[in-house]
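Engineer: As given, the protein sequences belong to chains Y and G, one line each in that order. Quick note: the first sequence uses our numbering, first residue 1, plus one each step. Quick note: the second sequence uses our numbering, first residue 308, plus one each step.
Everything labelled a hint here was simulated from the structure, so no lab data went into it. Wrong hints could be hidden among the right ones.
[Said to hold, decoys possible] Output of the computed footprint for chain Y on chain G, the stretches with three or more beta carbons under 8 Å from beta carbons of chain Y:
1) 322-329
2) 343-350
3) 429-438
This structure is a prediction, so every number in the text was calculated from the model and none was measured. All C-beta atoms, glycine included, are put in the ideal place defined by N, C-alpha and C.
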Amino acid sequence: MTSDMPDVSGTAGAGEAAAAPGDPGAPSAATARGGVEAVSCTGLAHAFGETRAVDGLDLAVREGEVFGLLGPNGAGKTTAIRCITTLLPVPAGMVRVFGHDAAKEPMAVRRLLGYVPQQLSADSGLTGRENTALFARVFDVPRRERAARVDQALAAVGLADAADRLAGTYSGGMVRRLELAQALVSAPRLLILDEPTIGLDPIARTGVWEHINAVRAVTGMTVLVTTHYMDEADQYCDRVGLMHRGRVRALGTPAALRRGLAERQGADRLPTLEDVFRDVAGSGLEDHPAGGFRDVRSTRRTAHRVG
Amino acid sequence: MSEAPAAPRTASADGTALLLTPPVPRAGWRVLPARVAAMCAVELQKLRHDRTELYTRAVQPALWLLIFGQTFTRIRAIPTGGVPYIDYLAPGIIAQSAMFIAIFYGIQIIWERDAGILNKLLVTPTPRSALITGKAFAAGVKSLVQAVVVIVIAALLGVALTWNPLRLLGVALAVVLASVFFSCLSMTIAGIVLSRDRLMGFGQAITMPLFFGSNALYPVSVMPGWLQAVSKVNPLSYQVDALRGLLLGTPAHLAADFGVLAVAAAAGITAASALLGRLAR
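I would like the entire structure built from these sequences, with the hints used as guidance.
Structural biologist: Written out as structure tokens, the structure reads:
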């Protein structure tokens, strides 16, 4: 499995992450107490009929980092995320979240997660405050601190003034921030964002990322984000994994990946992350396998709702 | 850095203190009632923000009582056991309007699936059976509000209903239990057909047979044999029997009625919970 990875020597993360795969039966998930990875996937595979959406994925997200899972539509990002969030079963391989096996202890995993799906998923018939309060309730926030906690989550994403308006009147960027508040209200250790800025205008995109970073600075939570905007990943992620055809094909800090390609190509100009991706994916980029349809459809739906 | 956007409204010095500590999990049996309460609260909040559905859905039962009820009261064709036909009809229409709300609840589940809301709820510490139970009781609450509207309409049309609070509590229980069953039936079909359009078709196809194959409009005794058999396995009949007994004081089999409704509700929750995973894929 490791042989698929291009040489990204000099990358801080590659060595440790690449150490995990090999024998899925003996994962190094509990590397050492205190050094437990936020997410570790070993040999994860998931197929929809004939389409192998995730095909032997190895991944290690360290506690406290912002990890970007990048790739085109159909690369398997969303399927991988859905396995990690316990939405999909884990038919092959192993998924652990802070040492908890996603297949065997889904409830323990869910308690640690804040999840923002790809679609704009706030309930348009409820106010921002009601939307957030629902998630406080289902995460067992006691009644006496519910209102204060909801207030703090809404304030943290800059929605204090819009809290009592129906979410149906929010702009796309505001809905995304509301979803962030919904995820934050339970103080998750791992925040999972699936295409958080899809369909948003550039200003709203920056706004969403600023709030993610601000919250992370305070809480120290780990962030796992998928995106196909390479520029965002370059700017906001500590490390990225480039995913193509169901596997991570390159792994490291954005800077190290770009330097690595520059050295191999001997280019005088520093390549972008997108160049790295083209290099990794090769010519296969244009004809990515079927199964992307649903992905594209939901993306379009989101884009449509945002306007 | 954290406070850069929008100064927090709370007066506390540290506006994010609570966001650092995860809440203590509820244990064991207390999870279910908590989730049911959360889902019911959401349903009531939605009704408060938009009552349109409540009003438009009141039109049909009003017409049934006003036109069908008053006309058939004059015809005296249906043996009602001595009560005016409109009185006999009212509990049937209450049950029918509650059923119509519940039977289309699966459409809401599919909408929530498409919007990502369902996935988000499935990633919370909520067992699938608790999520379905919560949704089912939320449908029950919505149906109950609708039932109150129809009861008021019936009272305005001069139907002699009871105002005994204990009996009304029994009415509420029967409406909620039946709605739990019908919404779970709808969510079960949703878990099988997986699309809103197909579910619409199924909903249309089963509501009328359930309604006409029950004792809502006429007593079981005047039905042909095969329809009596349908009525026997139709939970709507047991609901109507209970409502009639409680609201009008006609002879009813309350123990059997509530027993059947409770078993049907439990079976519905089990079936819908088992199929919820299909909607999450």
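Engineer: For each hint, tell me whether it holds in the structure or not.
Structural biologist: The hints, checked one at a time:
1. 322-329: Coverage by chain Y holds for the region 322-329 of chain G (8 residues, Cβ < 8 Å).
2. 343-350: holds (count 4)
3. 429-438: Answer holds; 6 residues pass the 8 Å Cβ test.
In terms of the numbered hints stated before, the structure departs from none.
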